[in-house]
Amino acid sequence: MRRKFTFFILTLMFSAVVSMPAFACVGKTLIIGAVNRPDMNTMSQMLSILINERTGTTVVSKSFNSFPALMDAMKNGKIDIMLDYSGRCYIDVLGNKPERNAQKVFAAVKEVYQREKNQVWLPPFGFSENGVITGNCGATPAVAAPVLRKSTLEKFPALPRVLEKLAGKVNNATITRLSNESRHGNVKEITRKFLKENRLI
Amino acid sequence: MKLAAAFVTLALFAGQAGLPASAAAAPGKTAAPAVYDKAYIQHDETWSGEITLIGQNVVKRGCTLTILPGTVVKFPWVDEDKNGIGDGELTIEGRIIAKGTKDRPIVFTSAQPKPKIKDWTFVQIAMSKNSIVEYCKFEYAFTGLQVHYSTGTIKDNLFTNNFEGMRFSTTDVLISHNDFINNNFGIRFEALGSRTTIRKNVFRGNGQTFFPVRKTWNSVKIYDNDILDSKEYAVNFGMNQKKDIDFTNNWWGTTDASAIEALIYDKSKDNTLGKADFIPFLKRPVKDCGIEQGGGRPE
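Line by line, the protein sequences are chains W and B. Take the first sequence: its letters are residues 1 to 201, numbered as in this note's numbering. Take the second sequence: its letters are residues 1001 to 1299, numbered as in this note's numbering.
Accuracy of the hints is not assured; some may be wrong.
What the hints assert, rightly or not - Quick list of simulated restraints, FRET-style, between CB atoms:
hint : chain 1 : residue 1 : chain 2 : residue 2 : range
1    : W       : Glu-197   : B       : Lys-1102  : 41 to 47 Å
2    : B       : Ala-1262  : W       : Arg-100   : 42 to 48 Å
3    : W       : Arg-100   : B       : Asp-1079  : 45 to 51 Å
4    : B       : Lys-1102  : W       : Lys-117   : 55 to 61 Å
5    : B       : Gln-1112  : W       : Glu-99    : 31 to 37 Å
6    : W       : Glu-197   : B       : Lys-1275  : 20 to 26 Å
7    : B       : Lys-1114  : W       : Gly-168   : 42 to 48 Å
8    : B       : Gln-1112  : W       : Pro-98    : 49 to 55 Å
Unchecked claim - Only pairs whose alpha carbons sit at most 25 Å apart, straight line, appear in this in silico SDA-like list of lysine to any residue:
hint : chain 1 : residue 1 : chain 2 : residue 2
9    : B       : Lys-1116  : W       : Val-60
10   : B       : Lys-1269  : W       : Pro-160
11   : B       : Lys-1082  : W       : Glu-197
12   : B       : Lys-1114  : W       : Arg-149
In short, the hints are calculated from the structure, not lab data. Beta carbons are placed, not taken as given, at the ideal position from N, Cα and C, and that holds for glycine.
Produce the complete structure using the sequences and hints provided.
Shown next, in the form of structure tokens:
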């Protein structure tokens, strides 16, 4: 009797789900946004492959011409994840003066974004903006990291665990090499090779 | 009982909310060509000739869709939610009997002049008893065929050039004598206690042949298959696949155990994952594997 009741409940639960027009079994689509520059394009592809292959989630990468456009898309829910630099946000978004303590910069940006923007900074990849573009931005180093909307975390609770696998794995030398290779080759193949060599996929 | 009442309410609400603007399709045997646009089919139907399906089309519970040999079901490109995946789909909440023949298969395909992967979403069998899918060809879909909470037989079909050939969860289905050729993922599953059996299939040229995403254990039987030429991995454990899975007694295209292990992403590469047990493995191709007398069967 109990088994029949359990089956009845499961049937109703599933019926409720499949009756909805956008039944999720196609797989939820996750959208990653990044500004169109070699290092960010490379990381965007890398995240797409890592997330897709470890969780099965379908990932779409979108490219933006500027950081304000990227941030607008994030704010308006048009993308789920963005890639950004802590130092740039510390100065350009929060209006602070340049600061040489990278940990202080990251902690400040993370705290304000979480409190005021409902966005979560995950651990940095391991490279800095200064390491990619010499002389830009006063903060040393302005580290690159993935930023998620809180609602994204609710939809994709496994994401932090996946993305944290990349934390500290891509230093300045690595991102420079991968970006250079991507200029002349297939960025998907190049980033996939990197992930495979590091046994991340 | 409060919980049950809540689910009843939820189910009824979802049913109402899901009704499309378009009217239900007309009953009876459909003369070709026929176009269904977000249709809710609420009676038994038989399809033949050429059928066009636009958006999400549903065969409701209690109804049987019969598809005759030689029928071609086409999905035009529509992407209302802009997710890069064509919206066309056929969901079977009742029962489907799609029995093609060796010479006259049933084809589910893109309507695009230059078709590509993900042109349409899927054929989905959900909460269905004893569905039959035989001698069908699924191509250019996100997933050729998804099966959830269902029983049935999936036999002698060709899954080719899809993002995922098949996907299933919580099913009791026999998947045998099919060919899975050149899909990004051959079969993706989160079995959750499924008693599905996968045997006598040919897998060739898929990016990742088996993708157990999570919560699969050995209630699923996977043996006597030819698993060949996987482009990335023959078996790729998803990050939440913590239990071991039995992959013994399959032919991997080699008798070199280390070469087979290199084709598997499991505990050997990430110690948070379960293990794919593949020893003992077969030393030669499986007899009578793949579509019976089909093009995908190895010589």
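Outcome of the hint check:
1. Glu-197(W) / Lys-1102(B): 41 to 47 Å: This hint holds: roughly 45 Å between Cβ atoms.
2. Ala-1262(B) / Arg-100(W): 42 to 48 Å: holds (46 Å)
3. Arg-100(W) / Asp-1079(B): 45 to 51 Å: holds (48 Å)
4. Lys-1102(B) / Lys-117(W): 55 to 61 Å: Hint holds: Cβ distance 60 Å, inside 55 to 61 Å.
5. Gln-1112(B) / Glu-99(W): 31 to 37 Å: violated (53 Å)
6. Glu-197(W) / Lys-1275(B): 20 to 26 Å: Since Glu-197(W) and Lys-1275(B) have Cβ atoms about 22 Å apart, the given range 20 to 26 Å holds.
7. Lys-1114(B) / Gly-168(W): 42 to 48 Å: For Lys-1114(B) and Gly-168(W) the Cβ distance comes to about 43 Å; the hint holds.
8. Gln-1112(B) / Pro-98(W): 49 to 55 Å: Between Gln-1112(B) and Pro-98(W), where Cβ atoms are some 53 Å apart, the hint holds.
9. Lys-1116(B) / Val-60(W): holds (16 Å)
10. Lys-1269(B) / Pro-160(W): holds (20 Å)
11. Lys-1082(B) / Glu-197(W): Violated, at about 34 Å.
12. Lys-1114(B) / Arg-149(W): The given pair, whose Cα atoms are some 37 Å apart, is violated under the 25 Å limit.
This entry does not satisfy hints 5, 11, 12, going by the numbered hints stated previously.
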